[in-house]
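A.B. asks: Spelled out, the chains give:
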Amino acid sequence: MGAPINYRTVLTTCTYCGCGCNFFLEVLDGKVIGTIPCKTSPVNEGKLCIKGWNVHEFVQHEKRLKTPLLRKNGKLEEVSWDEALDFTATRLRQIKESSGPDSIGFLTSAKVTNEENYLLQKFARAAVGTNNIDHCARL
Amino acid sequence: MTNSIAEFEGADCIFIIGSNTTVAHPLIATRIYRAKKNGAKIIVADPRRVHISEVADVYVQQKMGTDVALINGIMNVILEAGWHDQAFIDERTEDFEKFRKVVAAFPPEKAAEVCGVSADDIRAIAEIYGRADKASLVYCMGITQHTTGVDNVKSLANLAMLTGNLGKESCGVNPLRGQNNVQGACDMGGLPNVFTAYQPVTSSAAAEKFARAWGVESLSTMVGMTIPAMLEGLEGGTVKAMYVLGENPVVSDPDVNHVKKALEKAELLVVQDIFLTATAELADVVLPGVSFAEKDGTFSNTERRVSRVRQAVTPAGEARQDWWIIQEISRRFGYAMDYASPQAIFDEMTTLTPSYGGMTYERLEGDGLQWPCPTSDHPGTRFLHKDKVARGKGLFHAIAYQPPAEVVDAEYPLWLSTGRVFAHYHTGTMTRNSPTLDAEIEEGFLELSAEDATQLGIADGEWVTLSSRRGSIEVRAMVTKRISVGSVFMPFHFIESCANVVTNPAHDPICKIPELKVCAVRVEKSARTS
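Residue numbers (this note's numbering), protein chains in the order written: chain A, 1 to 139; chain B, 1 to 530.
One thing to keep in mind: the hints can contain errors.
[Stated by the list, open to error] 27 Å max Cα-Cα, derived DSSO-like pairs, lysine-lysine:
| id | chain 1 | residue 1 | chain 2 | residue 2 |
| --- | --- | --- | --- | --- |
| 1 | B | Lys265 | A | Lys72 |
| 2 | B | Lys168 | B | Lys154 |
| 3 | B | Lys261 | B | Lys512 |
| 4 | B | Lys512 | B | Lys265 |
| 5 | A | Lys47 | A | Lys31 |
| 6 | B | Lys512 | B | Lys36 |
| 7 | A | Lys66 | A | Lys47 |
| 8 | B | Lys36 | A | Lys47 |
| 9 | B | Lys154 | B | Lys101 |
| 10 | A | Lys75 | B | Lys98 |
| 11 | B | Lys261 | B | Lys393 |
| 12 | B | Lys388 | B | Lys98 |
| 13 | B | Lys388 | B | Lys154 |
| 14 | A | Lys75 | B | Lys261 |
| 15 | B | Lys154 | B | Lys134 |
| 16 | A | Lys72 | B | Lys261 |
| 17 | B | Lys98 | B | Lys386 |
| 18 | A | Lys47 | B | Lys37 |
| 19 | B | Lys37 | A | Lys39 |
| 20 | A | Lys72 | B | Lys260 |
| 21 | B | Lys63 | B | Lys481 |
| 22 | B | Lys98 | B | Lys154 |
| 23 | B | Lys98 | B | Lys168 |
| 24 | B | Lys525 | A | Lys39 |
| 25 | B | Lys63 | B | Lys101 |
| 26 | B | Lys388 | B | Lys134 |
| 27 | B | Lys168 | B | Lys36 |
| 28 | B | Lys168 | B | Lys386 |
| 29 | B | Lys98 | B | Lys525 |
| 30 | B | Lys512 | B | Lys260 |
| 31 | B | Lys525 | B | Lys63 |
| 32 | B | Lys260 | A | Lys75 |
| 33 | B | Lys260 | A | Lys63 |
| 34 | B | Lys388 | B | Lys101 |
| 35 | B | Lys37 | A | Lys66 |
| 36 | B | Lys525 | B | Lys154 |
[To be verified] To give an idea of the interface, some chain B residues facing chain A are shown, with a C-beta separation under 7 Å as derived from the structure:
| id | residue |
| --- | --- |
| 37 | Val182 |
| 38 | Phe299 |
| 39 | Phe445 |
Just so you know, the hints here were simulated from the structure itself, not pulled from any lab data.
The beta-carbon is built from N, C-alpha and C at its ideal position, and this holds for glycine as well.
Put together the whole structure using the sequences plus the hints.
C.D. replies: Below, the structure written as structure tokens:
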């Protein structure tokens, strides 16, 4: 007998269009392997479109970004999180000090969660001190 | 949306204008098919013969950028025939007289001259929509992505108010939001003029409330910059740094050659994303965030429903939670943040956001909740403006037709519109990295009519050069009946044939939306063969 398989399903909300369909992501041994539409969802009632049925395919794609990158001598190079975060925070701070808070612009995202959107606009407004925050609502 | 997705099934009439519903919102199209089966009349108006037009009782092909003329023509007929709802107008709206005068001067014959839809078809639409008990309006970016985007939307609001199709079940004005969480990004204050729940940054009361909650002395009460203004600022040197989270403006924005040049001028470009997008390639620092399957949180859909997102797998490689990345940068920047989880962020947000005030993760279990949901015992809201329009009185706007910013001429004789295909999503960051979806449609194409193809000596599948005042691209031709003579269409998902090289960045003066749905182009046979 081999090791028992580890199979789970996790109820979540689709990342594609504004319909907001609900489905279960199928996870086998830590890999997302498929989707099962949620029958009780008030939006999609057990149906999905072609994008929803295949939404698991990009999640663990080999081309995913896996390490922070920093431009050194014109090229993006892999660096540690500490280096990437310190660089970002330091440069933002310097630019705020030299050119003022409104010299910094933020594009938040229609693809990330409410919590993340809330946090980025809080950072822009409370920490940096600018209302220069927008996203692709018009695109 | 003023109303809910499920309510479409109960409508007597659904008027779809500027929405490629089957492609862009498939599960809403399903509801429209069911409505049709239940006896609803379906009207579709679109310059391109989109798939949903197959089930239309009336389908009309208005010229690009003439929506105001078409809608004013429809309202003229409704007023003349007396199909308007005078009681609704008297009780719940204001400024009707000014509006009536503009519309009265716009008979269907005059509208027909501008929009190319026959006066008879305009009368047919007016009769179906005007006489329906419950008529629902559905629109998408075919209405909004114009220099007259705000005028177009106000015209649809006029139409709904004129006929009393607001504040009751299965009617309303229903914009289909494109991105999964574009509603949420707006609700959360991801806009330069508002905090969460559209509390204006210019209101000193709102600014004081948020400053207190966030532990800072004061907050800026000056409206910030929109994307086009930031790009101009980069070019002019007033904007020095950009922090881009999960967006790809180098493919998605109009006139991308110009966008790229602007971003290259940034002293600091920070990009946080899940793939190395064309925008990330320009960055000074790239921060790997996580996909929806690797995170907890909430999304708000087009019907204002807030639903849970749940983590299914561990992040790819060293990728980190997006909220953690922002928190760490903030901490190192000198502003302390100490959230233990997305739930902790949500709980803080709800205390500052009246329409989300009654929501908790616990309450979102099951079906989620539709805002406004102001208190912990409020069941959420299926449709808006019940009994009374939210602003007090529904405001009629007198709107006259204005042409698009760029019109065809001898040098650029064809109209171009851009849009989406069923297998792909926006800039393709996710779908083009999904083998099954990418196999469905692997490259971009330019739709043109058989008549135009013959005249230009172009066969189906041949390479053509598409040019506008902004630039040129090479793309394969697709000869089709979907598009009318004199017009061409192409999807914008494909960076190899990037439609946004040619699109026009001219934008609506109020909301700054670019005119992606209409510009003037030239098509020529290309020397390229493969």
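A.B. asks: Go through the numbered hints given earlier and state which of them the structure violates, listing their numbers in rising order.
C.D. replies: Of the numbered hints given earlier, those the structure breaks are 6, 7, 10, 11, 24, 29, 35, 36 and 39, listed in rising order.
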